[in-house]
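Whenever a hint applies, use it, and build me the whole structure from the sequences.
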Amino acid sequence: MRKLIFGMNLTVDGYIAAAGDDIGWSGGRSEDLFRWWLDRERAITLSLYGRKLWETMSSSWPTGDQRPDATPAEIEFARNWRDTPKVVFSSTLEKVDWNTRLVTGNAVAEITRLKAGDGGPMGIGGATLARAAMRAGLIDEYLLVTHPVLVGGGTPFFTALDGWVNLNLVETRTFDGGVVLTRYETR
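This note's numbering applies: residue 265 is where the sequence shown begins, and numbers increase by one.
FYI, nobody ran anything at the bench for these hints, they're computed from the structure.
Incorrect hints may have been included.
[What the hints assert, rightly or not] Simulated crosslink set (DSBU-like; lysine-lysine; CA at most 35 angstroms straight-line):
no., residue 1, residue 2
1, Lys379, Lys267
2, Lys316, Lys359
3, Lys316, Lys379
Fair warning: this is a prediction, and the values are worked out from it, not measured in the lab.
Below is the structure:
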């Protein structure tokens, strides 16, 4: 069975985006944090995206290694992003590119099918898609990269659940600027 990992940058008050889908608060990441995300992405063998996150990622990373100001880590991230197989879940998109397959049907059923197969860890991103997987009890690991900012509202990292989910703390780490990684596995 494959492991499903949900990890994103979030605010201290638990939002992955402020009102209006503003993620400006997450800018100015340290090189150390960016490298950590790169290492995490290299360990993922299949990336699962909701439409909004797909549109964000696919607007910059397919050619991110060709920007004149790209750092070595950004060049590596862009190449890894293109090479990693991806599944995008959307009822509105008609096509996707860059080593990606589009799923327009039941996301929970498809994620369940993918988890039951062979292969390495899968990463899931995008608030709506991750919420569906969270409510279905499909997420095995949570990576919270908490930035020291309060935004007061927006898109939450967590969703309302029907019951408790007990977690085991696996790792904590602090990056420049007071950004804190907390990694939990489900029991």
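Hints, one by one, checked against the model:
{"no.": "1", "hint": "Lys379 / Lys267", "in the structure": "holds (7 angstroms)"}
{"no.": "2", "hint": "Lys316 / Lys359", "in the structure": "holds (14 angstroms)"}
{"no.": "3", "hint": "Lys316 / Lys379", "in the structure": "holds (22 angstroms)"}
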